[in-house]
Every structure is written in C-alpha cells, then in structure tokens.
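Protein chains: 2
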Amino acid sequence: MIETVGLLHPGAMGASVGAAAGGRARVVWASAGRSADTRARAVSAGLEDVETLERLLAVADLVVVVCPPHAAEDVAQAVAAVGFRGIYLDANAVSPARTRRIAAVVGGAGAAFVDGGIIGGPAWRGGTTRLYLAGERAAEAAACFEGSPLDALVLDGGIGAASALKMAYAAYSKGSAALIAAILALAEHEGVRPALLAEWGRGDGRLAREYERTIAAAVPKAWRYVGEMDEIAATFAAAGLPSGFHEAASALYQRLDSYRDADPPPPTDEVTARLLRA
Amino acid sequence: MIETVGLLHPGAMGASVGAAAGGRARVVWASAGRSADTRARAVSAGLEDVETLERLLAVADLVVVVCPPHAAEDVAQAVAAVGFRGIYLDANAVSPARTRRIAAVVGGAGAAFVDGGIIGGPAWRGGTTRLYLAGERAAEAAACFEGSPLDALVLDGGIGAASALKMAYAAYSKGSAALIAAILALAEHEGVRPALLAEWGRGDGRLAREYERTIAAAVPKAWRYVGEMDEIAATFAAAGLPSGFHEAASALYQRLDSYRDADPPPPTDEVTARLLRA
Numbered sequence: 094m095i096e097t098v099g100l101l102h103p104g105a106m107g108a109s110v111g112a113a114a115g116g117r118a119r120v121v122w123a124s125a126g127r128s129a130d131t132r133a134r135a136v137s138a139g140l141e142d143v144e145t146l147e148r149l150l151a152v153a154d155l156v157v158v159v160c161p162p163h164a165a166e167d168v169a170q171a172v173a174a175v176g177f178r179g180i181y182l183d184a185n186a187v188s189p190a191r192t193r194r195i196a197a198v199v200g201g202a203g204a205a206f207v208d209g210g211i212i213g214g215p216a217w218r219g220g221t222t223r224l225y226l227a228g229e230r231a232a233e234a235a236a237c238f239e240g241s242p243l244d245a246l247v248l249d250g251g252i253g254a255a256s257a258l259k260m261a262y263a264a265y266s267k268g269s270a271a272l273i274a275a276i277l278a279l280a281e282h283e284g285v286r287p288a289l290l291a292e293w294g295r296g297d298g299r300l301a302r303e304y305e306r307t308i309a310a311a312v313p314k315a316w317r318y319v320g321e322m323d324e325i326a327a328t329f330a331a332a333g334l335p336s337g338f339h340e341a342a343s344a345l346y347q348r349l350d351s352y353r354d355a356d357p358p359p360p361t362d363e364v365t366a367r368l369l370r371a
Numbered sequence: 094m095i096e097t098v099g100l101l102h103p104g105a106m107g108a109s110v111g112a113a114a115g116g117r118a119r120v121v122w123a124s125a126g127r128s129a130d131t132r133a134r135a136v137s138a139g140l141e142d143v144e145t146l147e148r149l150l151a152v153a154d155l156v157v158v159v160c161p162p163h164a165a166e167d168v169a170q171a172v173a174a175v176g177f178r179g180i181y182l183d184a185n186a187v188s189p190a191r192t193r194r195i196a197a198v199v200g201g202a203g204a205a206f207v208d209g210g211i212i213g214g215p216a217w218r219g220g221t222t223r224l225y226l227a228g229e230r231a232a233e234a235a236a237c238f239e240g241s242p243l244d245a246l247v248l249d250g251g252i253g254a255a256s257a258l259k260m261a262y263a264a265y266s267k268g269s270a271a272l273i274a275a276i277l278a279l280a281e282h283e284g285v286r287p288a289l290l291a292e293w294g295r296g297d298g299r300l301a302r303e304y305e306r307t308i309a310a311a312v313p314k315a316w317r318y319v320g321e322m323d324e325i326a327a328t329f330a331a332a333g334l335p336s337g338f339h340e341a342a343s344a345l346y347q348r349l350d351s352y353r354d355a356d357p358p359p360p361t362d363e364v365t366a367r368l369l370r371a
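Residue numbers (this note's numbering), protein chains in the order written: chain A, 94 to 371; chain B, 94 to 371.
So that you can see chain A by itself, here it is in the shape it has in the complex (with noise of 0.2 angstroms):
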C-alpha cells in the first residue's frame, strides 16, 4: 500500500504529476537545491517539503522521477546511494537500454523498479496525458493516479516496455517537427519557399496549414528535445534501425536551445534564420 510519494522533480511535467498522485497520497518533495521557479510549481501543485533527498527517501514508499534524460542516471545514483527500499520509478525519456542500467542500479540497493513512460503534456486537465508503466509492481504504482487526470496505463511487457513506447511515439512526433523545420530552413536557402509551400497546400494541404503551429510548439521545448533524440537515436541503433533520422533532430533542436521557454515562441522566418546560421 502506497501511502507517501515522493517526486523528484517538480518540472512543468513533474509537477503536475505530484498534484495527479495528490488525491490518494501524501506526495513530498526536497527543495534542497532547487531553483525559486520549481518551488513555485511545488507550492501551487500542493507537495509538501521534506527538504532533502534523504528524508524525502525515508517517508516515500513510492519515488517518482521527472527529469531531463541526461539527469535520468545519476538521479538513480543518489537515491541508491541512500539504500533505498520502496519502489522506484523511473518516468524519464530514455532508451530502454538506459532504462535497464537504472533498473539495475536502484535494483542493487534493494528498491523496486517500475518503467515509465509519459506521453502527453502537463496532466493538469483528463485526457491529455498518459503515464505507461511495466514492470511487476506497475500496478501498485498506477493505483497512485486513479481517478486523477492522468491516466496511468500498465503495458505488458518487462523492464523498457514503456520507454520503448515513449521513444516510438516521440520519433515521430518531435522527429517530424524537426524535419519540417529542416526542409523549411533548406527552402528559404535555395530560394524556393513559396513554391514549396503552395505544394504543401495542394491535396488536403496539413503540411501547409500546421508547419507554423508545429515548429512553434517545438521551439520553446528544443533544450530539452536535444536529450530525447539522443536517446531515441540509440534505441534505433540498438534495435539495428539507422539512427541518422533523430542524431540530425538532435542537431537542429540543438541550435535552436537558446529559445528556451520563449513565450510567446519566435516566429518561423527567426527559426529558419537560426537553422542556417549554426
């Protein structure tokens, strides 16, 4: 029975997922070293500060970890480090081959492993946002979420299974972002944008009606896309799949991570400047 979840780390995603778990349980968190803006989403998501890791390991039965894939392996050092024992779940992107290096680091000291996949945006409102588990605890960890508005899915399938998902899904979604902001970028180059564009609107013209809303929703989020496809190129190369497709998505999002956060989102022709100018 899962009374205290403890939530490593409330980002705009994190967040909303320790407010999801908040119907059911005491969901607590450690400030310590934590930026004024993640306090901020952790005070209006309703966590409760335990201050530091090992406290926030001492009341949790279930730890849940939101972080950018990079961070994804030494957050699971750390709380190995403290020997915890509950259960440990991992809801980052990342391949599955790092998902069972993390399983079996956080295995090593005694804790539980569950895989995690989330797909969707911040869980604030039902029906955006789904949280993929496996694993053979998934389901004490889904029963976390009931009746919240994020709805958490147990995959068949061991250890990875819900990465694997997270990282097909993410191929093609911020994959294509990026190959639509490449080939927009290589039009404005040779010359040929407006041609190109009255072709996209031939047919049922989505090309031409979404091109603008879909780089605009990529590029505030490019900084933390570059880990992503890092991750999803080494799960095409692992599954003996070329890896080109998301090492060139990782490229360009790359250039474009000093928009982070730009609200609103700079306009196309900034983008495609920004593109040719790396």
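Just so you know, the hints here were simulated from the structure itself, not pulled from any lab data. As the structure is a prediction and not an experimental result, all values here were calculated from the model. We put the beta carbon where it would ideally sit given N, CA and C, even for glycine. None of the hints are false.
Partial list, computed: chain B residues near chain A (C-beta under 10 angstroms):
1) Leu258
2) Tyr265
3) Leu279
4) Ala280
5) Val285
6) Ala332
7) Gly333
8) Phe338
9) Ala341
10) Ala344
Go by the hints and put chain B onto chain A.
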C-alpha cells in the same frame, strides 16, 4: 520554336512526359540498348523511335531527360559528347549542385540548360503532376506542355531552383514515409506496436489511418528512392543543415530494394520484418 522533342528515357514517369509533349510537338526516343518494357511504354505513349541517341540529337530542338538520379550525369556526358546545341531539360531528382554540374557539362558543348523538377506521379490525368522549370529558356520548354495533363510552371530563380524545390518536397514526402516505417519496425522489435498504434489513433488519428497506405506506396519504389534520398542528404549538407534524416532514409530504402515494383506491395508486417533483418 520547338518542333521536335527527344525523350531520354521512357520510364513510368518519362513516358507520360513524352506523351504530354506530343500534343504540340513531334516526340522521339531512342530504343538502342533499352528494354522491352521501355519499348512497350514508348509505343503506348505514342513516341516515335529514332533508334539511336545520335539520330535523336540530330532532330530534337529540346531534349528532356527523365532518369534515376545516379544516371543523370552520365546521360549529360553522352549528350555533350555528340555536341548537342539545342535546349537540354534535366527533369531528374538531383541536388542543385549536381544540376549545376550537369548544366556546365551540356552548356560547355553548346546546349542551353533548363533545370526541371517533377512533383506528382506519372502525368496521365490533369491536376496530378507539376513540372517546375528554371533557367533562361524555361518558358520555351514550358510551352511544349501547354494544354497537356502535365502542368509546366516556371520558377523565379536560376538554375537549381527547380531541383531544390523537388528536393525540399521529397524530403518530407519520402523522408517521413521512411521514418514511419522505421518507427513501426522499432515498435515491433520492442513489443509495443499495439500501444503505439493506439497512441497514433488518438487526437486526429491521422497516422493510425495512413501509416499502412504510406508504407505500401513507398515500398515498390524504394529501389529508386535510394538515390533520391542521397541527393537530398547532399542538398541539406550543402545548405549547412544536418544530412542524417535522408542518410537514414536511404539506408532504410536500400533494405527494401528487393520489392522493386511489387504489385501488390508486401503487407506492413513483412516490411517491418525486412527492415529489422538487415
């Protein structure tokens, strides 16, 4: 005034281009060294056989070249070697840089070069296919197709503009088809294909509805997409953009080249299995 058009060579696309020019000009082709299939296409398109390249070049005011990307420069060399001095229209899916190399080859021999790019399938019905043209004598070439099912459109911009437009357009249409096939193969490999298809079915559900048709349309043509993806990768690199998307697409299409012209196309399951077996 263009009275005679020489077509090199009547493939599935080329035959329709030749037929489209046949309303306003005498259209000839050269059967020497070509296959029985090519001859059958030429006959049904109403093209006149003058047998050799030399005779074709002796009578043609305009030569139209429609061939696989890797053959485009060889064809130009062969035409230049005979000293052709009319208009040379390269309508192939090649990079702007290769187009400019071809222009230099045929221009050096005294011909006027027109850059062409075809978007759409074989032009047997109106409204399906555009032939984009660029270069000083583009309007003269375009006039040959007036009133035909092939819409000939002159682009602003010099030699390379029509090729660049073709590259940019195919970068998405054929690049995203390869991406979709690779993602399905990944999901199959990781055992999460049903969950991925359920996710694709959410929202507008477009991918779930279209993925099988998209893959089925590409697979029989994969053998000739390989060279086109290589040309697109080179076009991206020349613009300072990452070439990985289309290097990956080229590698994937190579794995499918044994399905050349398969009718009906293989089922999706067989395609993903083939991609994973490579």
